[in-house]
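Asks: This is what each chain is made of:
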Amino acid sequence: MFVKDFCILNILLHIFKINAKMVPMDIKFDKYSLIINGKRIVLKSGTIHYFRLFGRDEWYDRLAKMKSGGYNCVDLYLCWSYHNPKKDFWDFEAYKDIRTLFQVAQELGLYMIVRPGPYINGEISAGGLPYWLMKEKDVVLRNRIDGDFIYSKPYMQHLRDWYGKVLPVVKDFDNLILIQIENEYSTNGGENEYIKELYEIVRSYDIKVPIFHNDAYIAGLYADDVDIYACDIYPYINPKTNWREETFAFDTLDNLEDMARSFKENSPLFIMELQSGWYDKWLGFGYEYIREDMGREHVNIMTKTALSQGVTIFNHYMCAGGTNILDMSSDEVYTSYDFASPISELGIIKDNFKKVKEINYFLDAFDLTMSEPKEADFEIPQNCYAKVRHDIINNCDWLFLRNFNSCETMIADVNIPSFDMKILPRNLKLKACEILKSGVEIFARLYGDERETIFLMSDEKNSITLKDSNGEIIKISADRADFDEFLFKDGSRETKLVFISQKCSDECWKHNNTLIFGAKFIYPDGKIALEDKTQIITYSLENGYAKETHTPDVQSKRIKLTDFDVYFCAPEIERGYDYSCWKKIKHNEDFTLQDTFSSDVYSEFVWYKGKISNVPREISITARHIFAIYINGYEILNRNSYKHDNLASVDEHISVDIDPKVYDGCENEITVLVQNLGFDRGFTNNIGSPRGLIYFKTDNNEYIDWHIRGRITLDEREASDNQAPYLACLKKDFVIPKEYFDKNIFAPFVLDMEKTPFRRATIFLNGVKIGRFIRHNANQSKFYLPKEFLRENNEIKIVIWEKSHRIKGVWDFKNYLKNVIINVETHKVYKLF
Amino acid sequence: MAVVPDFLIKRVYKKGSLREQDGAVEFDLKNVLGPGVICGLEYVQINDYKFTKEVISFITQGVELFANSVSEINPIRFRLGQEGTMRLLEEVKCLKNGVNKIIIEFLNPEAGRMKITLEDNLNLA
Chain A
1 MFVKDFCILN ILLHIFKINA KMVPMDIKFD KYSLIINGKR IVLKSGTIHY FRLFGRDEWY
61 DRLAKMKSGG YNCVDLYLCW SYHNPKKDFW DFEAYKDIRT LFQVAQELGL YMIVRPGPYI
121 NGEISAGGLP YWLMKEKDVV LRNRIDGDFI YSKPYMQHLR DWYGKVLPVV KDFDNLILIQ
181 IENEYSTNGG ENEYIKELYE IVRSYDIKVP IFHNDAYIAG LYADDVDIYA CDIYPYINPK
241 TNWREETFAF DTLDNLEDMA RSFKENSPLF IMELQSGWYD KWLGFGYEYI REDMGREHVN
301 IMTKTALSQG VTIFNHYMCA GGTNILDMSS DEVYTSYDFA SPISELGIIK DNFKKVKEIN
361 YFLDAFDLTM SEPKEADFEI PQNCYAKVRH DIINNCDWLF LRNFNSCETM IADVNIPSFD
421 MKILPRNLKL KACEILKSGV EIFARLYGDE RETIFLMSDE KNSITLKDSN GEIIKISADR
481 ADFDEFLFKD GSRETKLVFI SQKCSDECWK HNNTLIFGAK FIYPDGKIAL EDKTQIITYS
541 LENGYAKETH TPDVQSKRIK LTDFDVYFCA PEIERGYDYS CWKKIKHNED FTLQDTFSSD
601 VYSEFVWYKG KISNVPREIS ITARHIFAIY INGYEILNRN SYKHDNLASV DEHISVDIDP
661 KVYDGCENEI TVLVQNLGFD RGFTNNIGSP RGLIYFKTDN NEYIDWHIRG RITLDEREAS
721 DNQAPYLACL KKDFVIPKEY FDKNIFAPFV LDMEKTPFRR ATIFLNGVKI GRFIRHNANQ
781 SKFYLPKEFL RENNEIKIVI WEKSHRIKGV WDFKNYLKNV IINVETHKVY KLF
Chain B
1 MAVVPDFLIK RVYKKGSLRE QDGAVEFDLK NVLGPGVICG LEYVQINDYK FTKEVISFIT
61 QGVELFANSV SEINPIRFRL GQEGTMRLLE EVKCLKNGVN KIIIEFLNPE AGRMKITLED
121 NLNLA
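As they're listed, the protein sequences go chains A and B.
Sequential numbering from 1 applies to the first sequence in this note's numbering.
Sequential numbering from 1 applies to the second sequence in this note's numbering.
Pulled out of the complex, with its shape left as it was, chain B reads as follows (with noise of 0.2 Å):
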């Protein structure tokens, strides 16, 4: 697993923006670091659920890119600045109040597997 410090990947989080929208669970990510190609979406986990790369995908630019078809022929480019949101298809009760873990696994052509563990807190109320 690539050592990239955790701080500084959770600053591509959009704090707040986790939510239950359409039958789907999204968050907003924001590319606050450089220029960044991902070749491989493998997984995102919120808590205890995994979503599979069948369910997975990202939404940029107003393209949706599936998970499926990221590879190294067919990367994502996250240009500096550039926003998007990651839609979990997958009608599932996931969310909770209080704090919620994010896993995202990925991979990049440079840096290998990567995996990333945010938090966000939520209010359902």
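For reference, chain A alone in the conformation it holds in the complex (with noise of 0.2 Å):
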């Protein structure tokens, strides 16, 4: 009975507690900016893809960074085929509870733009439509064929039952400041109709926040049938082009203000997806690379040149990277997501984090919610571009000021150095002087009523004059050490600047009122992060500057993994191996396959059996994207087939001639196992191409009678045969020692196999797939072991789907596999104060 009314109790709490702050937001908006509550706001937004950070701590973590870092606003995808993967069976539990997840952000005070698709591309695979859909009778994806425009009652049926399963949620949410419909969708007739359902089918579950679009052709597309008119823009997106060269890429973002107002007149100029990093792909270039190309100058300039435009409302995209694990990913991207994203995969701050948070310090300090363009009067140099914007707010300008030359270049009498931007203020009034015009930009304002403290960039080249209170001019060089500092009054009003260097505010926090330096991150409950014995200096308005000194007490962990447990795996290559159970499938006549859905088979692997005779000496076939084939056991080919060329992956034709020593009788079996890397992402190519086995033809023209089955078995397998080493799992225990799970440490695990033998395996994490290592596809050899997988006892599984051609026999491989060294180990480890 206690029990009982103890359980009541906890849901009425519960409902209570949501009740009490569901207060909702007045939200409206005018050209300028959005209004909420009355107060308008730069929302300065980032994405993460909780679908690919895993649970509450991950989460966390990941939004308190951003939090700490100065975005107000966090970005979420909801991903259809991440909770509905098989028809009419939904999971919203554990690391796929979005209420959880909505709970983090609104308890962090983070808004949300949520966008339920229901495609919603994000490199993931079919763009995040469930693969069960794609067999349903009269669906037609997005009411569109090769751009035609073609309307399914069917599909908006689905739909609407994924929307019914996520909106009543999302509206709970008083945090919710915009929903995003569609996603970057197109048809080639420009029709209307799907995205005007979509905002009828939101709007009647009393969701009251603007509703947006984002264009990804930045040509106005459903301005008029949403609320405020969206875009994406993605300067660099051809990690072969330098483009430190190619900076016509940012026509479009330099032009968007007249662009965008040409769209939508009266609603704010909104960049959903303002490029902050960029995807690697299988044979890609890998993100050391991409972050490296990209530096921190490529968001320094995307994010000022969109507030040189007028734009108030922005999301990086990414903002922290994240883990492709189980099937997600689309065929083009491999296991890590880092994104070269400001937080890396690893919940890492990246020295892109570090100029965004600038940025947005920046923006907290002055309100430029309401500015107009002004004429620049002053000479714009070849390879520069300059804006003048008015501030209505401060009553005064704001000059953007950007250099393309690869030398440095004076603009408006400011020494800007090669690929940098800066916002720098004119005639602005502070508490006790005026900036009347600068080469120094701000980095913080800490204020009270009658005193400010204004932290400024020094730089050698570069000063700032002022006139204060007695009308006097007073120019300063910003050649100046850390916390240089000086005072201006005026009457009981203070102003002091303060100056800091680039590495002094790359390890400075903003908490509340005050400023923290020295950290590598915070928390916004104030708790600090520290690598190494550190001085942290903090100051306020009130106490000045405080000193104190901490020292980690936690080290970085290697554990070492090597002698393994192998067996052999997959007995489904054995000849007589039963297959009776299995589905038929359908051998076309003109060699091709059935599709793997017809028979209801999702699997990334999937298993292909059947009879053949002992007359074929060549096989021809196309699979997607690896695969082997087998006859009575016997590997007959090992194949990577996996091409990419102009964003899409492109088939390989390949034959093989058969030894006739393979076959044993007239009863022969051929199997084939065939992994898919996932569907196409479905932006520009058809999301529906089908993945296995397409094609397979024999010399002498045979059908078989294939069976299929999907997913790769974990079984052991007779360890005495001698014919078929090739599928083979390495298990081991390990332990993570208690230390690194307390709720103070910081610290990611990876397992590293960069000095494997192996070109290709499949990581299980705790029973959890977590990683595919493809030696010669992906610059990745190292995997995440997300916390939310990881316990402090553990059992990793490799499975390794390949053998050395040097290796001849079986106990050969098997003690090869056995002393195998792999790397458990932390990247980082942080200690919380």
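In case anyone wonders, no lab produced these hints; they're calculated from the structure.
Just so it is clear, CB atoms sit at the ideal spot from N, CA and C, and this is done for glycine as well.
Be aware that a few hints might be false.
Footprint (simulated), chain A over chain B, 3 or more residues, beta carbon under 8 Å [unchecked claim]: (1) 5 to 18; (2) 23 to 35; (3) 77 to 86; (4) 109 to 123.
Computed list of chain A residues with no C-beta within reach of chain B, every gap over 10 Å [to be verified]: (5) TRP132; (6) ARG244; (7) LEU637; (8) ILE654; (9) PRO737.
Dock chain one against chain two, each of which comes alone in its own frame, and use the hints as you go.
Replies: Printed below as a string of structure tokens:
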């Protein structure tokens, strides 16, 4: 009785808690900005993919870092296929619990932009549309075939089911600020019925926030069908080209205000996806390269150029990277989805985050929500860009100066380094002085009723000109040491200017009205993270400077895994394996195969088995993407057939000779194992192209009575068989010391495959598939072990699907695998104080 | 084939610009969409006649770029607001009174092979 009452009480408390917070925001907007409960805001948002970050702790960590870095909003795609992998089966539990995710954002005081698709792209397999939907009768995905609009009622009904699962949850949260319908949608005819219907569906859930769509073509698509026009801007999409040379890619951003105003005059300028990183692909360059190539300059230029165009709602895509686990990724991308984003896949603050933090803190310092473009009264040198905006609220001008020359350049008497951009005030009145002109940027501002301290970025080649309360003009060189300060007084009012260097600002964090110097990161609850012994300096208006030294007492950790328990798996390869219960699949007249979906097989790994005569001497095959052929347990071919060209994977059609020795009588068995790396993400290509075995033809034109089944089994197979040691599993238990799970320790662990001899492997941590290792296809040898799946006592299983040609026998192979060395290690260790 | 909305890409074509001039067929383009890169000009077809890359050139900002030399290493950079003339240097009577159909196939390093179908209404009388 007591327990029952207690449960009811808990439920009531939960409802009350939600309802108590449910004070709907009054969200209005005009041409300048969003207006929340009467107050204008610049929405500084960043994207995380909760389906690539796992569980409350990781969500909290990434969102807390965003909040500390000055973001006030998080963008969340909702991924349909993640929650609805099978028809009529919905999963919102554990690390798929979006209510908990929203609660974390709410607790941290972050607004939410929610994007429930149905299509989300995001380099997710099939763009986030569930696989089962592809074979539903009369369903036309996104009401579009080859760009032509074809309305499908059954599709709309399934979509309504999806919206019906998530929108009631979304509606419960008062920090919801904007909602997006569809994603980067277009048709050849520009039909808008679909977008209009989605708008009505969202409104039918009594969701009152502004609705928008993101136009990938910046052509004004659906501007009249939504409340606010938004677009995506990605000047960097090809790491092969040098963005510092191909600067014309910024043309659209440089002209955004004129373009967007022509589409919708009376809504704020809004870039839904403002590039702050880029994804790497199979056969790509690697994230280290992309990160270095983009540097901190790219996000600096992107964000400041957007602000120069009057943008007051921006969303950095992505803000935090993530990991493709299970079968989630599209065929383009590998396990790491670091995205070279400001917060890395492992949750590490990177250089581009530090630059974003600078911009966000500056935007907190002065209200830039109402400004108008103004004619520049100075010459703009070649390859440079300059905008002047008159700030209606602060009654000053802001200069946005950008230099695309390979050498430093003077613009408006300010020295701008190569590929840098600055936002500089002119005639900005402060409490006790006025900045007449400035060649130095403002980092942050702390203010009280009578006093303020403004932190400026020191700059050896520029200066700042001020007028004090007596009207005296003072020019101050910005070539200053850290914490050099200048005090101005006007009666009881006081303005203090403090210079800090780039290095100092990188590790400076704003917490309430205090600045904390020297921390690797902080959380909004005031905890500071350190890697080494560090003297932390805090500064507040009330107390000035304070110093305190902390010494972390946790070391990095490396756990060497060797002496693996090795067993051979995948008995499916064996001749005589019972596949009678597998589903039949048709071998068509033209030797193509029926798609796997027709047999309800949606797995990354698909087995094909059938009888074959002893006649064929050659097989021609096309399979997506990696496959092996076995006859009577003998491997005929093991092939990585993944090729990528112009944004799409391309098929390889190859032929292989058969050694007649593999035949054994007239009842021979053929087995084909295919690993597909996901479906197309569907932005420009067809989502529904089949996977698995696409084409199979023998030289004697034999039709095979194929049977199929999905998934790779980790079942043990007799090791005495010396015919087919092709799939082997390495198993090892390991312990992560308890201290690394302490809530005051942040220590992401990785599994390092670099020194292994394998070409291909699939990694399972405590039963969860957390990585695909394909040595020659991806620049990734270290795999993140997500905290959600990591325990003190762990089991790692690595399935190797290959064998070195140098190793002949089963036992050699087993010994070779057994003695492999793989390290599990901390990437970084931070202690929170 | 990449899905790029037809109605958008057609905005690049300057209506009424299809003409015969100095033994060539020409028409004009203006980039009103956004910065673009063309790394291959495959062919241009006007009504039933297909012009191969050997006879195609693109004149922009005073420079004539020949389709044969356009590649990923030597692409055409077509900036926002930039104008250009597509020149098909072959003496052939392919224009007609009324609606003329123009097909351009080109390569973009990100979107792959793309095909635009355009129409222009001419009064040749």
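Asks: Decide, hint by hint, whether the structure agrees.
Replies: Checked hints:
Coverage of the segment 5 to 18 of chain B by chain A holds in this model, with 5 residues showing a Cβ closer than 8 Å to a Cβ of that chain against a need of three. Counting residues of the segment 23 to 35 of chain B whose CB lies closer than 8 Å to any CB of chain A gives 3, so the stated coverage by that chain holds, three being the minimum. Taking a C-beta to C-beta cut-off of 8 Å, the segment 77 to 86 of chain B contributes 4 residues in contact with chain A, enough for the three needed, and the coverage statement holds. Counting residues of the segment 109 to 123 of chain B whose C-beta lies closer than 8 Å to any C-beta of chain A gives 5; at least three are required, and the coverage claim holds.
Annotated as non-interface, A/TRP132 keeps its C-beta farther than 10 Å from every C-beta of chain B; the closest such distance is 23 Å. Here A/ARG244 stays apart from chain B, with its beta-carbon at least about 14 Å from theirs, past the 10 Å limit. Remark: the non-interface label on A/LEU637 is consistent with the geometry, its nearest Cβ contact in chain B lying 29 Å away (cut-off 10 Å). Every beta carbon of chain B lies more than 10 Å from that of A/ILE654, the smallest distance being close to 23 Å; the non-interface claim holds.
Every C-beta of chain B lies more than 10 Å from that of A/PRO737, the closest at about 47 Å, which supports listing it as non-interface.
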